[in-house]
Amino acid sequence: MNQNAYANPDVLVSTDWVAHHGSDPGIRVIESNEDVLLYDTGHIPGAVHIDWHTDLNDPLVRDYVSPEAFARLCSRHGITPETTCVFYGDKANWWACYALWVFRLFGHTNVKIMNGGRDKWIAEGRELTRQKPSCPPSQYPVAPRRLDDEIRAFADEALAQSKAGKPLIDVRSPGEYKGVITHMPEYPQEGVLRGGHIPGAKSVPWKTAVNEDGTFKSPGELAKIYSENCGLLKDQEIIAYCRIGERSSHTWFVLTYLLGYPSVRNYDGSWTEWGNRVRMPIDRSD
Amino acid sequence: MNKACPDSEPPASSEYPPKLAAIVSLFEGLPEDEKRETLISYADQAARCAPASGETFDLEDVRKVEECTDTVGIFLKVGSSRQVHFRVSLGPQVQILTKAMTSILCRGLDSSTIEQVLEVPADFVPRIVGGQLVRVRSQTVYYVLTRIKSACRAFLNRERAAAG
Numbered sequence: 009m010n011q012n013a014y015a016n017p018d019v020l021v022s023t024d025w026v027a028h029h030g031s032d033p034g035i036r037v038i039e040s041n042e043d044v045l046l047y048d049t050g051h052i053p054g055a056v057h058i059d060w061h062t063d064l065n066d067p068l069v070r071d072y073v074s075p076e077a078f079a080r081l082c083s084r085h086g087i088t089p090e091t092t093c094v095f096y097g098d099k100a101n102w103w104a105c106y107a108l109w110v111f112r113l114f115g116h117t118n119v120k121i122m123n124g125g126r127d128k129w130i131a132e133g134r135e136l137t138r139q140k141p142s143c144p145p146s147q148y149p150v151a152p153r154r155l156d157d158e159i160r161a162f163a164d165e166a167l168a169q170s171k172a173g174k175p176l177i178d179v180r181s182p183g184e185y186k187g188v189i190t191h192m193p194e195y196p197q198e199g200v201l202r203g204g205h206i207p208g209a210k211s212v213p214w215k216t217a218v219n220e221d222g223t224f225k226s227p228g229e230l231a232k233i234y235s236e237n238c239g240l241l242k243d244q245e246i247i248a249y250c251r252i253g254e255r256s257s258h259t260w261f262v263l264t265y266l267l268g269y270p271s272v273r274n275y276d277g278s279w280t281e282w283g284n285r286v287r288m289p290i291d292r293s294d
Numbered sequence: 025m026n027k028a029c030p031d032s033e034p035p036a037s038s039e040y041p042p043k044l045a046a047i048v049s050l051f052e053g054l055p056e057d058e059k060r061e062t063l064i065s066y067a068d069q070a071a072r073c074a075p076a077s078g079e080t081f082d083l084e085d086v087r088k089v090e091e092c093t094d095t096v097g098i099f100l101k102v103g104s105s106r107q108v109h110f111r112v113s114l115g116p117q118v119q120i121l122t123k124a125m126t127s128i129l130c131r132g133l134d135s136s137t138i139e140q141v142l143e144v145p146a147d148f149v150p151r152i153v154g155g156q157l158v159r160v161r162s163q164t165v166y167y168v169l170t171r172i173k174s175a176c177r178a179f180l181n182r183e184r185a186a187a188g
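Here the protein sequences line up with chains V and S, keeping their order. Residues in the first sequence are numbered consecutively from 9, following our numbering. Residues in the second sequence are numbered consecutively from 25, following our numbering.
Bear in mind the hints are in silico, worked out from the structure with no lab data behind them. Don't take every hint at face value.
To be verified - Calculated lysine-lysine pairs in the DSBU-like style (CA-CA distance at most 30 Å, straight line):
1) V:K140 with V:K186
2) V:K174 with V:K128
3) V:K225 with V:K210
4) S:K88 with V:K128
5) V:K171 with V:K232
6) S:K59 with S:K173
7) S:K59 with S:K43
8) S:K88 with V:K215
9) V:K140 with S:K88
10) V:K242 with V:K215
11) V:K186 with S:K88
12) V:K128 with S:K59
No experiment lies behind these values; they were computed from the predicted model shown.
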């Protein structure tokens, strides 16, 4: 593995790049946060808001929106299949990576992440605005299907992965992994009956991949974490999970785009599904 | 405590202290966009809910709990007619919605009695915030009310202990 460069270096853009190119034709900057009103308090000029919950999730069934709904979302924000979507947000880009992953789920490949996210933009004293951009509606074709087989894993596939001894990456906190706690540290209980991890999963908390300022670690540092310490090989099929799929989207992004692992899937049902499902095997060892 | 039944009419605003009832009524009349803007406006004012320098209180409860991202301080002052006044300090990591709710509660519960505060049902939250904004990762919007009630109970317990 090349320790000197990211596998796809163009997927990361700097705050400076966004400041200079965010309003270029063919570019759409998208903010996606956990804090539901954060965008409204101020955002990068020209950035549109995609709410992970209301825009990307089906309102009834625990699933993502339909291809038709995704096409309408993109059209509303003036996005075409050729548009380069630059995602950023709070929490070191958790939900930006989640939104990027969902865009990939519908086959939109022109995607980037603003390194460091919202916090870095603000820390640098860059401009924020409350003005919401007006985007002329665009034409966005309805995807023939979601790429569930390629980048998404379901519970039965995660179970098969576990039984086959194939790589499973648990990106939650150590306490969640060991089953000592059943909620994210500093978050309320989200409703899971059992704690622990999927048997065979290795604990690599998502935060391991980022610096204090929310930027991604260097290629060499990431290679040490995932290929040396975790033993992940390029020819392996890898599944990452957390609680509801947002932290594991972050790790999916690191593995797929920054380190170039060709076969990584996000088990978005994650622990809120596994820990509540009858008879799913659970491990609580270190 | 009154709880709304899913299949019945929502509780009348008269079940809330008058100032809170007025805020609930305001929000319920707003379209979605204006509701968000009004919440932001309340959130912008949350800093004014913090204790002023030199202000004294009958009870102070400042802590960070395991299930919250940041420190929240509740400051309670009880007047001669047992009407309460609150100040709330919030750490920088607190969500915008929680800041908005802080501002709303400091105003909405101001001059209520302790007993009125303890009886306030949490069902006013979705009536203010709306269904779209209350989701898995914004449950802390209920947290400030929980802490305010906890402070009121602690005050009453202390009163009873002193009397006994």
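Structure-based check of each hint:
Between the alpha carbons of V:K140 and V:K186 the distance comes to roughly 44 Å, so the proposed pair goes past 30 Å and is violated. With a C-alpha separation of about 36 Å, the suggested pairing of V:K174 with V:K128 is violated against the 30 Å cut-off. Of the pairs offered as hints, the one joining V:K225 and V:K210 holds, with about 20 Å between alpha carbons and a cut-off of 30 Å not exceeded. Between S:K88 and V:K128 the CA atoms are separated by roughly 25 Å; this keeps the pair inside 30 Å, and the hint holds.
Proposed proximity of V:K171 and V:K232 is supported: the alpha carbons are some 26 Å apart, at most 30 Å. For the given pair, S:K59 sits about 26 Å from S:K173 by alpha-carbon distance, which is consistent with the 30 Å threshold. About 18 Å separates the Cα atoms of S:K59 and S:K43, which keeps this hinted pair within 30 Å; it holds. Simply put, S:K88 and V:K215 have alpha-carbon atoms about 22 Å apart, close enough for the 30 Å limit, and the pair holds.
Taking the CA atoms of V:K140 and S:K88, the gap is about 35 Å. The hint is violated against a cut of 30 Å. Among the hinted pairs, V:K242 with V:K215 is consistent with the structure: their alpha-carbon atoms are about 22 Å apart, no more than 30 Å. A distance of roughly 23 Å separates the Cα atoms of V:K186 and S:K88; the hinted pair therefore holds under the 30 Å criterion. For the suggested pair V:K128 and S:K59, the alpha carbons sit about 29 Å apart, so the restraint of at most 30 Å is met.
Of the numbered hints given earlier, the model fails hints 1, 2, 9; all others are met.
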